[in-house]
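Number of protein chains: 2
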Amino acid sequence: MREVAIIGIGMTQFGELWEKSFRDLVAEAGIKAISDAGIEGEKIDAMYIGGMSTGRFIGQEHVAPLAVEVAGLQDLHIPAVRVEAACASGGVAMHQAYIAVASGMYDFVVVGGAEKMTDVVGGEATNILASAADREWEAFFGATFPGLYALMAKYHMHKYGTTQEQLAMVAVKNHYNGSMNPKAQFKRKITVEDVLKSPMVAEPLHLLDCSPITDGASAVILAPLDKAKEYTDKIVKIKASALACDTLSLHGRKRFDSLPAAVHAGKKAYEMAEIKPEDVDLAEVHDCFTIAEIIAIEDLGFVEKGKGGKATEEGLTSLNGEIPVNTSGGLKSKGHPVGATGIAQINEIVLQLRGEAEQRQIKDAKIGLAHNVGGSGGTAVVHILEVV
Amino acid sequence: MREVAIIGIGMTQFGELWEKSFRDLVAEAGIKAISDAGIEGEKIDAMYIGGMSTGRFIGQEHVAPLAVEVAGLQDLHIPAVRVEAACASGGVAMHQAYIAVASGMYDFVVVGGAEKMTDVVGGEATNILASAADREWEAFFGATFPGLYALMAKYHMHKYGTTQEQLAMVAVKNHYNGSMNPKAQFKRKITVEDVLKSPMVAEPLHLLDCSPITDGASAVILAPLDKAKEYTDKIVKIKASALACDTLSLHGRKRFDSLPAAVHAGKKAYEMAEIKPEDVDLAEVHDCFTIAEIIAIEDLGFVEKGKGGKATEEGLTSLNGEIPVNTSGGLKSKGHPVGATGIAQINEIVLQLRGEAEQRQIKDAKIGLAHNVGGSGGTAVVHILEVV
Chain X
3 MREVAIIGIG MTQFGELWEK SFRDLVAEAG IKAISDAGIE GEKIDAMYIG
53 GMSTGRFIGQ EHVAPLAVEV AGLQDLHIPA VRVEAACASG GVAMHQAYIA
103 VASGMYDFVV VGGAEKMTDV VGGEATNILA SAADREWEAF FGATFPGLYA
153 LMAKYHMHKY GTTQEQLAMV AVKNHYNGSM NPKAQFKRKI TVEDVLKSPM
203 VAEPLHLLDC SPITDGASAV ILAPLDKAKE YTDKIVKIKA SALACDTLSL
253 HGRKRFDSLP AAVHAGKKAY EMAEIKPEDV DLAEVHDCFT IAEIIAIEDL
303 GFVEKGKGGK ATEEGLTSLN GEIPVNTSGG LKSKGHPVGA TGIAQINEIV
353 LQLRGEAEQR QIKDAKIGLA HNVGGSGGTA VVHILEVV
Chain L
3 MREVAIIGIG MTQFGELWEK SFRDLVAEAG IKAISDAGIE GEKIDAMYIG
53 GMSTGRFIGQ EHVAPLAVEV AGLQDLHIPA VRVEAACASG GVAMHQAYIA
103 VASGMYDFVV VGGAEKMTDV VGGEATNILA SAADREWEAF FGATFPGLYA
153 LMAKYHMHKY GTTQEQLAMV AVKNHYNGSM NPKAQFKRKI TVEDVLKSPM
203 VAEPLHLLDC SPITDGASAV ILAPLDKAKE YTDKIVKIKA SALACDTLSL
253 HGRKRFDSLP AAVHAGKKAY EMAEIKPEDV DLAEVHDCFT IAEIIAIEDL
303 GFVEKGKGGK ATEEGLTSLN GEIPVNTSGG LKSKGHPVGA TGIAQINEIV
353 LQLRGEAEQR QIKDAKIGLA HNVGGSGGTA VVHILEVV
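As given, the protein sequences belong to chains X and L, one line each in that order. Numbered according to this note's numbering, the first sequence spans residues 3 to 390. Numbered according to this note's numbering, the second sequence spans residues 3 to 390.
Only chain X is shown next, with the shape it has when bound in the complex (with noise of 0.2 Å):
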């Protein structure tokens, strides 16, 4: 297996976008993507695109030939291939891309998530995004996401004490790291208050603990370290890249208070990456809601089970902590336009690598690990990257 580069990012702004449409956001995103690394088109070898629901939230399935067309490149018949993993989708994507460039099969490959969410009504949008539980024994008497996240942040609180105000912290932070990200759907800085304050979703959550229903795509171009200096002089290396599943129902799972996916594929990027949870210097990890972002702290090795509301409490995880999490803003304030997430992420962890995130830089940023999942962690993707 070879090793694989990122030279290229690019990213949509995320939002209520009703004046684009997927085909406009793929091609916006890709274009961006080609640009930064500054490759021609004819020389793509292969492209992968995450998207979760197409076909119900725009009536369109097959989605990777429709990236070819958008990208021009359907005369060079390059192959596509959508991937599915619900809010997993973009880091499942881009596991299957690395496989792709590492095998040595193609050279450069370019990853796309992409996913238009707001031309549903309402309430359709929270039944689509079901689809991601169990229908059968879950989504069917009406476990909704909120629902299913809020079971485990019940547990988080009686067996740990987590308390909602630490909960909210959680918000306040990603909303206050957001209002510097130009992407960013909210960019308004909020308080413990407001989240508090705001109308009750699914006891312990409230609507500011949720992460909402955008519009948007991001793409990035991988490539053979060997190749990857003829495009940049600002490498950034995939030391890892880690897949695992669990069932796909939470009932199903022997604990609450953990995704056993996330811990597995955290567990077996450290150790292809050779790194330890220390050595990682900022993160963006899965907080699709508030308790996601303090369990996947705990998962990841950040901080002990059980101490991630106290952590985020004391700052640990704010960006000037000592493991900066979200600083793009997160799901909660960067958006979660579900297919589009896992690249979203890598797009940030390259910028802050890079030194390019602007106000929000970390300083001396030289590892950096995204964390995705799917549904309630039926899958999990991570991957760490670092500036070479």
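Hints in this document: simulated from the structure, not taken from any laboratory.
Straight-line distance between alpha carbons at most 20 Å, and here's what the computed EDC-like set of lysine to aspartate or glutamate pairs gives: (1) X/K239 with X/D366; (2) L/K269 with X/D47; (3) L/K269 with X/D77; (4) X/K185 with X/E18; (5) L/K256 with X/D77; (6) X/K256 with L/E44.
Rough simulated footprint, nothing fancy, chain X against chain L, three-plus residues with beta-carbon under 8 Å: (7) 58-64; (8) 104-113; (9) 125-139; (10) 261-271; (11) 372-381.
For the chain L half of the interface with chain X, some residues (derived, Cβ under 7 Å), not all of them: (12) P67; (13) L68; (14) V70; (15) E71; (16) P81; (17) V94; (18) I101; (19) L245; (20) C247; (21) T249.
Cβ atoms here follow ideal geometry from the backbone N, Cα and C, with glycine treated the same way.
Given the coordinates of chain X, work out where chain L should sit on it, guided by the hints.
Frame of chain X; chain L shown alone:
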């Protein structure tokens, strides 16, 4: 890249399986393949699953962890990936699994495909399938798949003199073959007259020119060639796995008498396998409509462009012809559970190469080819298998 073999196959009955859920189908095909290989579940390193529109057919996205859960492998947290490429979902999953094993990333990989299509009401299935066409530029204006393939048929008839009877002969042949396949949805033989008398769906395609709506699942087990010997003495090697894409929309193409992506994938596969079309002993091709088989045998180089109808009439592709095509009954008679089709084709080729195809067995079959198409040719996958 390592050589890769198929050490196990399994598939469910194809048909209207109202008493079985998607979950049941995945379990049955997977267990059959694992039993056929004689491998313990704990040896499985990864899973790939092809499904086209599970989100719309059964309200369930994120089916990869569902497959892990069904297989009881959740505590191993093995990586599992869903791939979607419309009716080529199975073939593309196979291609990804091939890369994963060939690269050395994983040893034993289950690759499956499944679709549960008969739980939606009548016309809705056609609408869901139309999400594999270009929704914005084709489907919204009423161009569903029978219409798109009818355009190709009309053009082929106009340009090359292909007749309605020749189209019908594809269906007659495939129903004859399917009558000997216990897994086929339709086991009754039909005549040219039956086809021509059946209701018109989209001129010139009659009902019996069209493949049906089907429930079903199929699976195969891949292993590195050097480890395959421990599990079977009838080793079937993957000589080639090639994927190519094109525009999503039919109107964007330069020609309508060919699927350029299939031509491209075919050429790549022949190069990779170091063989010529005349070396192929049998083929499973994507006969979603009768015209599709005629175009396929031309695109794959079995006959010259424009001669597909005549060749079918002359029996070239019949069970005792020079190059038997769709010995399983094809999509037409065996049925077409879209996500499962690509893997079901591989199942048939393996049966034939092992000499286990019973009544429909081709004598001395050594090399078989599978041709799986998504939509109107936006995606095409060609696999070439050889018994060693």
